[in-house]
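Visitor: Below are the chains, spelled out letter by letter.
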Amino acid sequence: GQQVMQIPQYQHVQEGEDFTTYCNSSTTLSNIQWYKQRPGGHPVFLIQLVKSGEVKKQKRLTFQFGEAKKNSSLHITATQTTDVGTYFCALLWGGNKLVFGAGTILRVKS
Amino acid sequence: KAGVTQTPRYLIKTRGQQVTLSCSPISGHRSVSWYQQTPGQGLQFLFEYFSETQRNKGNFPGRFSGRQFSNSRSEMNVSTLELGDSALYLCASSVGLANEQFFGPGTRLTVL
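Going down the list, the sequences are from chains H and F. The working numbering puts the first residue of the first sequence at 6, with every later residue one more than the last. The working numbering puts the first residue of the second sequence at 5, with every later residue one more than the last.
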């Protein structure tokens, strides 16, 4: 079955609007990682969340790990054109395989 | 410090051929993972090597294999290429799968 569900698949926003992508797992996670891939580029690590209910911020980006450690979100406040790309969550499945979500493609209209 | 490097960056092959891709990890990283990225399937885990041993493997056929050398450099081999093997192949190095993965620029493989 599907180990991680990431939604939405695609979002097109006006510059200045907010953006959120969600990852949901069927099982409790030890940790979750988030990556960003610019068009034509490779995934770049953003952050890792480990603790239940954890909230971390990086400038306009806010990352949350659910209380039950089964879901996570990435929220961008006031998007800019530099935020364009695909955002992936990744989780360690079965302790021995890194599984990536399908990704959310973000497009920003200026 | 230098990042992850992959060679070649682009490759065109025909069906039935085989291909070998190379990945040089960040100095000090003993874990090297390989991923296949396609528009339809996203980022799929192929396998992970740590200190020359394959520790983990994804759900890919036996045509996909790899190895790691004592200097942590890794190679990935695909035999009997199929059209569906056309993809971006990414390698990532780290201190372990539970840690930050540093990705290389990838090798774009096209199978004709």
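These are computed hints drawn from the structure, not numbers from a lab. Some hints could be false.
As a list, the in silico BS3-like pairs of lysine-lysine whose alpha-carbon atoms are at most 30 Å apart [said to hold, decoys possible]:
(1) H/Lys102 with F/Lys61
(2) F/Lys17 with H/Lys75
(3) H/Lys56 with F/Lys61
(4) F/Lys61 with H/Lys62
Visitor: So which of those numbered hints doesn't the model satisfy?
Guide: 2, 4
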